[in-house]
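Participant: Following the hints, complete the assembly by docking chain B onto the known chain A.
Protein chains in written order, with the working numbering: chain A, 26 to 326; chain B, 3 to 110.
Because the hints were derived from the structure by calculation, they are not lab data.
Just so you know, even glycine gets a beta-carbon here, dropped at the ideal spot from N, CA and C.
One thing to keep in mind: the hints can contain errors.
Calculated pairs, DSBU-like style, for lysine-lysine (alpha carbon to alpha carbon, straight line, at most 30 Å) [unchecked claim]: (1) B/78 <-> A/200; (2) A/316 <-> A/215; (3) B/103 <-> A/316; (4) A/314 <-> B/50; (5) B/16 <-> A/280; (6) B/103 <-> A/280; (7) B/39 <-> A/316; (8) A/258 <-> B/78; (9) B/39 <-> A/280; (10) A/226 <-> A/194; (11) B/78 <-> A/248; (12) B/52 <-> A/182; (13) B/39 <-> A/273; (14) B/52 <-> A/273; (15) A/314 <-> B/78.
Chain B regions said to be covered by chain A (calculated; three or more residues, Cβ under 8 Å) [stated by the list, open to error]: (16) 24-34; (17) 48-57; (18) 60-74; (19) 90-98.
Computed spacing ranges between beta-carbons, pair by pair [what the hints assert, rightly or not]: (20) A/203 <-> B/9: 42 to 48 Å; (21) B/54 <-> A/315: 26 to 32 Å; (22) B/101 <-> A/287: 57 to 63 Å.
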Amino acid sequence: MFSVRHSKEFFKRRASGIEISYPRIPDLMIRRVLDLPVRHATMKAKLITLFFVTSLCVQVASGQVEESPDQKYEDLIAEVEVANQAWKARLAALREAEKNGGASIPADAFQSPLIPFVAKFDTAAKTYAGTPDAIPYLTWLAQNALPMVGDQRKAAKDAVRTLVTTHRKSPSLEKLEWMVGRLDYFYDEKQALEVGLQLEKESPSSKVRAYATFSRVGATINKAPVDSDDFRKAKSEILTVLEGVEIKDLASSVKTRIEMRENFSLGMSPPDIVGVDLDGAEFALSDYKGKVLFIDFWGDW
Amino acid sequence: MLYPHERSLVDEMKNRPFALIGVNSDDLDRAQAAVRKNEINWRSFQNKRKGSESSISDDWLLYTWPTIVVLDEEFKVRYRGGDCDEATAIARRLVSELDGKPAEVDGQ
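Just chain A, with the same shape it has in the complex (with noise of 0.2 Å):
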């Protein structure tokens, strides 16, 4: 609650030159009121406290009080949300016009109506640069923009980049899941490799460093020969991170790689098909080892 007390300091501190970081009040109406008698005490405050968020509300439409980073962000947000809202109703509203025999869709109307958004988002990323209140917009910019074109597609590679080295201590990194793991795809091998190994060392999150993790061993996964010790290597090193942590999509995907690699690969064996045929007549592919098979998985499209 705002005091009588509060406001005297308010003049004191005014009055000495002191910078006032929180809204002034009306001259004329502080002494208006603390003229009152003292048997007003309570509306004195209540009517202090009045002017008070009066006035603050009068600054901050105007501009003179500046918003924390996360309200920022809150309306940024919501500003976008607004966007999306009015993009889907205006999207719906066109096909329903084409549906009735109205105009084609124009193709702008596909458009995404985050576009004009990453600009915004850069921007306040470049504000807070180097700071923790530069992670949301950053995330914000890997999340949205990446499947964008020229500048918002750089600037969402800008972001992760930035996001992976400068904030690789910070969790909110799980976030960016398989860009983690595709370090590849934002960098070129040399750097991919030593920006992993550093988030592999420093993350906190035991997910990102599964992902970093991931990152270095996956082409070796993919691309070694499966007899070769690099592939054993590998093979061990991100299924032992992987049963530690959560992470559902990579793990199936990273076994069934592996599975795919060891039992397809040129020179493997595949299990044997034990089934039906389409007279509903039992067989194996097993029955005719010994002879050249030439399996087709076909249907009649």
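Facilitator: Frame of chain A; chain B shown alone:
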């Protein structure tokens, strides 16, 4: 369409150590109609198994259709992919190595 090529491959490899086996992804009625219509002369598995959640293509980690896999007589993968001509050439060579008869070449 691979049917004519595969039909002639089956005929060409008659009485040789070779088998063409299909794995069909259609529902049964459609598959049987396709067999009749296209005079398909090789045996096919039904990809989806009754009472089983996984299909043959799931077990073989196969996500692209059509795909051809060539196995040698020891059941080892010698080809996996979508190029019918390459798969055929490899199969012919393997059969030839196995029975000592020269491999045929398309167009001759």
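Participant: Hints numbered earlier in the text: which of these fail when held up against the supplied structure?
Facilitator: 1, 2, 5, 6, 9, 12, 13, 22
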